[in-house]
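*Asks:* Sequence:
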Amino acid sequence: MVRKNEMTADFEQLIYNGEMLKNSWKNQMKHFEKFASNGTVDKGVIDFITWILTTNNSEKLFAGSSMWNLLISKPKNKKLNYQQTLKIQFDNRTSLYEMEYSDWDSIDKEDDYEKAIIWKTKCIGIELPIKFLEFIKWNKNWR
-5 MVRKNEMTAD FEQLIYNGEM LKNSWKNQMK HFEKFASNGT VDKGVIDFIT WILTTNNSEK
55 LFAGSSMWNL LISKPKNKKL NYQQTLKIQF DNRTSLYEME YSDWDSIDKE DDYEKAIIWK
115 TKCIGIELPI KFLEFIKWNK NWR
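For the sequence shown, position 133 (counting from the first letter as 1) is numbered 127 according to my numbering, and the numbering increases by one without interruption.
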């Protein structure tokens, strides 16, 4: 199994409660709104975050970002867990969102990173909540 580096940031060592997780979504909302205002990202991700904030998933899941991608993970023992992450990214060429779930615990070597992607789908922005619910139905650990 691929293990994350033993060097962890302070925020990775925190014990996360529902309020802290909800705040991670609010922070990502601000982040993506800033990029949407200058045309860097599609506004569909903002609608998705808005929808998440109306559900109890905002108090169970952590929202982060990297390179204009929304990254979602479920804390393990109330600490951040990047080993299993759902990435949502917009493809400007196709105007579709790509959702990919990676489980780094499922592989033995980092070189096998493509094998860590165990679920993926594409959709238009308005379908993000539906596809997310399909993912949750598929991934029972995230319910």
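Just so you know, these hints were derived from the structure itself, not from any lab.
From the three backbone atoms N, C-alpha and C, an ideal C-beta is built for every residue, glycine too.
One or more of the hints may lead you astray.
[Said to hold, decoys possible] With a straight-line cut-off of 25 Å between C-alpha atoms, the simulated PhoX-like cross-links for lysine-lysine are:
1. Lys72 <-> Lys116
2. Lys73 <-> Lys103
3. Lys68 <-> Lys109
4. Lys109 <-> Lys20
5. Lys24 <-> Lys68
6. Lys103 <-> Lys24
7. Lys37 <-> Lys70
8. Lys103 <-> Lys28
9. Lys109 <-> Lys131
10. Lys114 <-> Lys131
11. Lys68 <-> Lys37
12. Lys125 <-> Lys54
13. Lys24 <-> Lys37
14. Lys131 <-> Lys103
15. Lys116 <-> Lys134
16. Lys37 <-> Lys103
17. Lys114 <-> Lys37
18. Lys37 <-> Lys20
19. Lys24 <-> Lys73
20. Lys16 <-> Lys109
21. Lys54 <-> Lys20
22. Lys103 <-> Lys125
[Claimed, not checked] Cβ-Cβ distance ranges computed for the label pairs, FRET-style:
23. Trp45 <-> Asp106: 17 to 25 Å
24. Lys103 <-> Thr34: 14 to 22 Å
25. Trp132 <-> Gly33: 31 to 39 Å
*Asks:* How does the Cβ-Cβ distance of Lys103 and Thr34 compare with 14 to 22 Å: does it lie in that range?
*Replies:* This hint is violated: roughly 34 Å between Cβ atoms.
*Asks:* Under the criterion that the straight-line Cα-Cα distance not exceed 25 Å, is the pair Lys103, Lys24 satisfied?
*Replies:* Violated: Lys103 and Lys24 sit about 36 Å apart, past 25 Å.
*Asks:* What's the verdict on Lys131 and Lys103, does the C-alpha distance respect the 25 Å limit or exceed it?
*Replies:* violated (28 Å)
*Asks:* For the pair supplied as a hint, Lys73 and Lys103, confirm whether the alpha-carbon distance does not exceed 25 Å.
*Replies:* This hinted pair holds, its Cα atoms lying about 24 Å apart.
*Asks:* Quick one, are Lys54 and Lys20 close enough, alpha carbons at most 25 Å?
*Replies:* holds (14 Å)
*Asks:* Within a Cα-Cα threshold of 25 Å, do Lys125 and Lys54 meet the stated pairing?
*Replies:* Holds. Lys125 to Lys54 sits at ~18 Å (cutoff 25 Å).
*Asks:* Next pair to validate is Lys114 with Lys131; report whether the Cα-Cα distance is within 25 Å.
*Replies:* holds (14 Å)
*Asks:* Quick one, are Lys68 and Lys109 close enough, alpha carbons at most 25 Å?
*Replies:* holds (20 Å)
*Asks:* Are Lys103 and Lys28 close enough, with their CA atoms no more than 25 Å apart?
*Replies:* violated (37 Å)
*Asks:* Holds or violated: are the alpha carbons of Lys24 and Lys73 at most 25 Å from each other?
*Replies:* With a Cα-Cα distance of about 23 Å, the restraint between Lys24 and Lys73 holds, given a limit of 25 Å.
*Asks:* Are Lys72 and Lys116 close enough, with their CA atoms no more than 25 Å apart?
*Replies:* violated (30 Å)
*Asks:* Keeping to a limit of 25 Å between CA atoms, is the pair of Lys68 and Lys37 held or broken?
*Replies:* Distance ~24 Å between Lys68 and Lys37 Cα, so the pair holds.
In summary, the structure is inconsistent with hints 1, 4, 6, 7, 8, 14, 16, 20, 22, 23 and 24 from the numbered list given earlier, while agreeing with the others.
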